[in-house]
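Undergrad: Can you build the whole structure from these sequences, using the hints too?
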Amino acid sequence: MEEAALRDAMTSWLIAPSGAGCVFAPTISNRVRDPRPDAVGIRHTGGQHRGDFEVIAVHIRQSEKRFTSFSGEASSHSIHADRIYFACYLPTSEFSEEQISVALHLGIGLIRIDRDLGCHRTVPAPLNHPIAKARSDLLYQLGLVSCQLCGVVYSSSVSDDDALLWNEIWADRFGRLRNESVYDRRYLCPDCVRNIRNLSQRDREGL
Numbered sequence: 657m658e659e660a661a662l663r664d665a666m667t668s669w670l671i672a673p674s675g676a677g678c679v680f681a682p683t684i685s686n687r688v689r690d691p692r693p694d695a696v697g698i699r700h701t702g703g704q705h706r707g708d709f710e711v712i713a714v715h716i717r718q719s720e721k722r723f724t725s726f727s728g729e730a731s732s733h734s735i736h737a738d739r740i741y742f743a744c745y746l747p748t749s750e751f752s753e754e755q756i757s758v759a760l761h762l763g764i765g766l767i768r769i770d771r772d773l774g775c776h777r778t779v780p781a782p783l784n785h786p787i788a789k790a791r792s793d794l795l796y797q798l799g800l801v802s803c804q805l806c807g808v809v810y811s812s813s814v815s816d817d818d819a820l821l822w823n824e825i826w827a828d829r830f831g832r833l834r835n836e837s838v839y840d841r842r843y844l845c846p847d848c849v850r851n852i853r854n855l856s857q858r859d860r861e862g863l
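For what it's worth, the numbering used here labels the leading residue of the sequence shown as 657, then goes sequentially.
FYI, nobody ran anything at the bench for these hints, they're computed from the structure.
Take these hints with a grain of salt, some might be off.
Claimed, not checked - Only pairs whose alpha carbons sit at most 25 Å apart, straight line, appear in this in silico DMTMM-like list of lysine to aspartate or glutamate:
| # | residue 1 | residue 2 |
| --- | --- | --- |
| 1 | Lys789 | Glu750 |
| 2 | Lys721 | Asp772 |
| 3 | Lys789 | Asp840 |
TA: Set out below in structure tokens:
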């Protein structure tokens, strides 16, 4: 089975409500540095009152050969993902008890991809605690950022609806200017920008 077909199957599973229920499954471009996942999903977990989200990384292989070694590679995504899955193409078999034990020991989930490219979650991935900077870096490499105010994830593509804030004073105070240029930045999503504008307009009208 071709790797591209397996990636497409996993991407569909990440987005499907019956799968991971993610709101984004961005394309993995060459911008993404090692360890580079084969598929990524962003799942909103904050309900109606918070902007919390999880990054789900998937390591995909065409067979169960070298299972333990590839499971170790999958676990390397713990630096930047909240949940990690190792997905194997197993057209006629299931994961063995030994393989499940390895996954549980490494803190990764297991997904079996069948001959019809159906994805079956054998072991749910436990919640991981990634390095905050590494997770933010992965999001940025995927073309995504998180709002500094509400915390939701959205596209980093420049638009008139969101806001990019440059922290020049902070960078200067802590010696983070490089060639008199500022690189420290924060993002506000379109919803927060609109809400701030509405609040500002309401305050002006109340004067």
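Undergrad: Would you mind marking each hint as holding or not holding in the structure?
TA: Here is how each hint holds up against the structure:
1. Lys789 with Glu750: With Cα atoms ~37 Å apart, Lys789 and Glu750 exceed 25 Å; violated.
2. Lys721 with Asp772: At roughly 20 Å apart (the allowed maximum being 25 Å), Asp772 and Lys721 satisfy the hint.
3. Lys789 with Asp840: 13 Å, holds
Figure legend: structure checked against the earlier numbered hints; the only hint not met is number 1.
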